Amino acid sequence: MRALRAYLRSPAAVIGSLLVLAVVAMALTAPLFYPGDPLGLAGRPLQWPGQNPRFPLGTDPSGRDIAAQIFHGARISLLIGFVATSIAVCIGIAIGALAGFYGGAADTALMRVTEAFQTLPNFLLLLVLVAVFGSTMGTVTVAIGLVSWPPVARLTRAEFLTLRTRDFVQACRVQGLSDAHLILREILPNALPPVIVYASVVMAVAILLESALAFLQLSDPNVPSWGNLIGLGRNVLRAEWYVSAIPGVAILLTILGVSLVGQGLNDALNPRLASGR
Amino acid sequence: MRVFRLALRRLAASLPTLLLILMGMFLLLQLAPGDTVDALMAQMGGGDPALAEELRRFYGLDVGVAAQLWRYLVRLVTLDLGFSAIYGKPVATVILERLPPTILLMASSLSFAFFFGLVLGVLAARRVNRWPDTVISTLGLIFYATPSFWFGLMAIVLFSVYLQWLPAGGFGDITQSYTGIAAVLDIARHLVLPTMTLGLIFLAIYLRIMRASMLEVLSLDFVRTARAKGLTETRVVAKHVLRNAMLPMVTLIGLQAGTMLGGSVVVESVFALPGLGRLAYESVVQRDLNTLLGIVFVSALLVIVINFLVDILYARLDPRIAAGS
Amino acid sequence: MNGPTRRETFLLGAAALVPAGAMAQEAPRRGGVMTVHFATEQRILNPSLQASTGVYIVGGKMQEALLDLDAQGNPVGVLAESWESTPDGLTHVFRLRRGVTWHDGRPFTSADVQFTAMEMWKRILNYGTELQRFLTEVQTPDPHTAIFKYERPMPQGLLLRAMPDLGYISPKHVFEGGDIRQNPANTAPVGTGPFRFVQYERGQHIIAERNPNYWREGMPYLDRIVWRVVTDRAAAAAQMESGQLLFSPYSALSIADMQRLGRDPRFEATTRGNEGNVRNNTLEFNFRNPVLADARVRKAIAHAINVPFFIENFLGPFAKVGTGPIPSVSTDYYPGVVQPQYGFDLALANRLLDEAGQRRGAGGQRFSLRLHPAPWGEDIALWSTFIQQSLQQVGIRVEIVRLDAAGFLRTVYNDHNFDLATGWHQYRSDPAVSTTVWYRSGSPRGAPWTNQWGWTDPRIDEIIDRAATEVDPARRRALYADFVRAVQTELPLWMPIEQIFVSVFNRRLRNVANNPRWASSTWHDTWLAS
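The listed protein sequences derive, respectively, from chains A, B and C. Under the working numbering, the first residue of the first sequence is numbered 1, with each subsequent residue one higher. Under the working numbering, the first residue of the second sequence is numbered 278, with each subsequent residue one higher. Under the working numbering, the first residue of the third sequence is numbered 603, with each subsequent residue one higher.
These are calculated hints, taken from the structure and not from any lab test. The model shown is predicted, which means the values in this text are computed figures rather than measured ones. Virtual Cβ for every residue (Gly too), placed ideally from N, Cα, C. Hints should not be assumed to be uniformly reliable.
To be verified - Here are a few chain B residues that face chain A, going by a calculated C-beta distance under 7 Å:
1. V500
2. G535
3. G539
4. A557
Unchecked claim - Where chain B lies over chain A, by a calculated footprint (3+ residues, C-beta under 8 Å):
5. 111–117
6. 212–218
7. 241–250
Working from the sequences, and respecting the hints, build out all of it.
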């Protein structure tokens, strides 16, 4: 409760929450405001926002309603961001927990793998994964998750290294509780807060990675993602720059919101360091 | 020299990682549909299957995967990176040709992001919670949230097409032959927009870290002591605070090296820079295994070297840390 | 180089009002550097080994072919001065130009023609291997005569039409005695052309300079040509606008930018000079999917797509409705508007699908298909989206599968793992070169842009074979008309859109687009106004 109040006291965190809520609201109300297929032919292509009262944000190069794509795209971006982040966090926690808890040979081996993933430029790995497994939304999401887990693993490992020497853990060990119990029920709940905060960074990066892939025409063309729209707008950038600008602003605001929320959570959960942040 | 021995030890420790990366990428790319001959066919716009078979033999693709991997690793031991399918030249030559633009871009982006991140972070921390801080922090967040490629495209439209202050891309003006200072200035002009584009997100990160780090250090005891001694604020900051506050920044450089290399793929594509990033993308699309693995090898080495230098710098800045850690 | 000042713009605008005839009387100015947009880097630059526009744009200025096309599109001699053929089509004699030297000073002789034809065109050159399949030898009775002997009749029209693209000559003394494919001259061309190779910086640029010993007196006018590698379309358009590039060939800019620059008085965006580079957008069907094996379904799909609407709204003035695999620019073989054609008719489409037994199910959907678009060309992406949207209207759900070039070729033409595919069919001046292979059975698995649909028709095979060796031009034309009629009826694939590549010029360039394959041609008479 104290954390919640600390969170709400920060204006930045509140603004962030509002932004995120706005995006979620768009995602939820999309079928209400724009029933039908957002990727269907709606009108003449490349109409400017406001030029036709039916299309407040104009139409894209394929004659589709941009406003419809922004609303439906909110679902896609949030979905991709959320699922990719979950995958990254799950893998990262699993590896970090095992490495931090057991130490020794397991730690060395797992850290080598983590190091390998971190030394390799993550966007490069993403390109190869997409070339291999294709550009459907599912594979793109999994691929983004697969390149984003290393920092989470390091963070989790650091937490576990600190926590496993604590008294309450020793107490549980004396009681004869199993390793699995220790990891999952005792240490993990305490290690989670910084990881959850970091998850906001992972989510921001995931959304950016998806839009970068879409920009390079490597994402799923069958879904109305914001990144796809930016990629489409690339060809008409000079004169109809709004096609790329509008989804770019949407991405910007979403990531801004997610980052502010993450920052707010960080400050609220670590009151000691909150002074002056 | 001790540093040299340390370097060798670090390299030796990284070898299993390097091997893991290379083998992983090799096997992964095998799974991609189509090979380099298919990519060549696409470029040619046609060709008959007898030709395709002959080309496969020519590129060494007619043996099994395990054999190809073995051949590659054996060559690697002698530091022979193989032949590039796209360029018909040794991979080492190709990479050396494309390295300078990428190194220049990364170095200038890093410097740009580090310097301005430092300055802005200090400014924000000095006026914490007042309007300069709010403006700078908001700006930082906006930079962080802006997709780099979008910023790059908009920058080209504004600065190259409308204002015509800066060139729209390329690495230099080849219609003129510049030498000496003129050549350096010409390249510098071409790198202004790419540097800003690539450095933007890192600028935001360094800004935030520097600000947070400054605030933490400013609240420590020894700073109060320095102030009590009557030193001016500027002296306090410059002599005592900065050195300590910079430590997290320095660590970050090492962590961000790999990400920066990945980010250069898109920036080099938007600004038509002949660097490693775009070469990597090309080699994926054209299934040029040797070139891709060569780039992975070189970039991994680069990251390891940067991390090593960062550790040395860190030890210099913080005398509490023994150089061997 | 920055854009024009206000004064320059005014003058240029005024110049645009001057009638073209008056402009043509300007005296060519000697000197200047022409910067060209080079969008896709190639592995080699030798047009004797690789037949593609990406190679001609560079290699075609340094190496020359036996023939080229004149302003009317008729074959005109370049390295060959005159030619004649026997009525049986088995012997073709070329008399070669005298006084021509290679860039390294050695003389050009018939030995070079023999070597190139037998070792390069027949063995390696894509489309050349097929064209020269029945070439048995090239006799060289003297240094300026080359006699091509065939074991099956080669129609003179076919050979002459194919020579500008498939007739480039390479120097024997550079390539003999070694692996032709590994020869460094493949990326540093040695030729007889108006420009000499200087430098190739991978990923950056290629530079060529004037050949002072060029056989055409007083030419070329340009001092240098610089090809700049720019892979990003938007960046290339920006460089055109800022004057860093003077010429962008082969529709390498986005459609919107081409239209916009065309409206700018400083530039010209036109299909002029590319009439020999025509392509069709295709819609390919995989017969292995039993739904598509039914002709009614294929025809219904065709009727469901409003092609004129698509062209008007998405492709602009650079495309027109196609009527079959032979495009309308082919004066020798275009059979006119042959029936059947498949106009936009939603009611008919729905009816055909019902008749074929594909009734609408839950949610109005009949069945779903996977569409594989080729990853080159902005028009293909727009076209595949339009197909998806159109077929949705008749209850067919289309999923677009994105792959890169290698993946696309492997998945479609080798693995046959697709339902619909769409790409380009490039017409290379004669149906026998690269058109009929899309329909003829017998192509081995994995050969791209050939019949991989799981469909054969022996009757169509027979027409194709007869036409390929028919020496009489009138009979040949009639055979190709039969061919088009037959494939339009069966519709194993559909070619509803015809496009000519677009060139975008800075108007300072003169003597441009003066033959139907100008971008691939030698540019010996191109000059740059100040």
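Hint check:
no. : hint    : in the structure
1   : V500    : 13 Å, violated
2   : G535    : 5 Å, holds
3   : G539    : 3 Å, holds
4   : A557    : 6 Å, holds
5   : 111–117 : holds (count 4)
6   : 212–218 : holds (count 3)
7   : 241–250 : holds (count 4)
When held up to the earlier numbered hints, the structure conflicts with hint 1 and nothing else.
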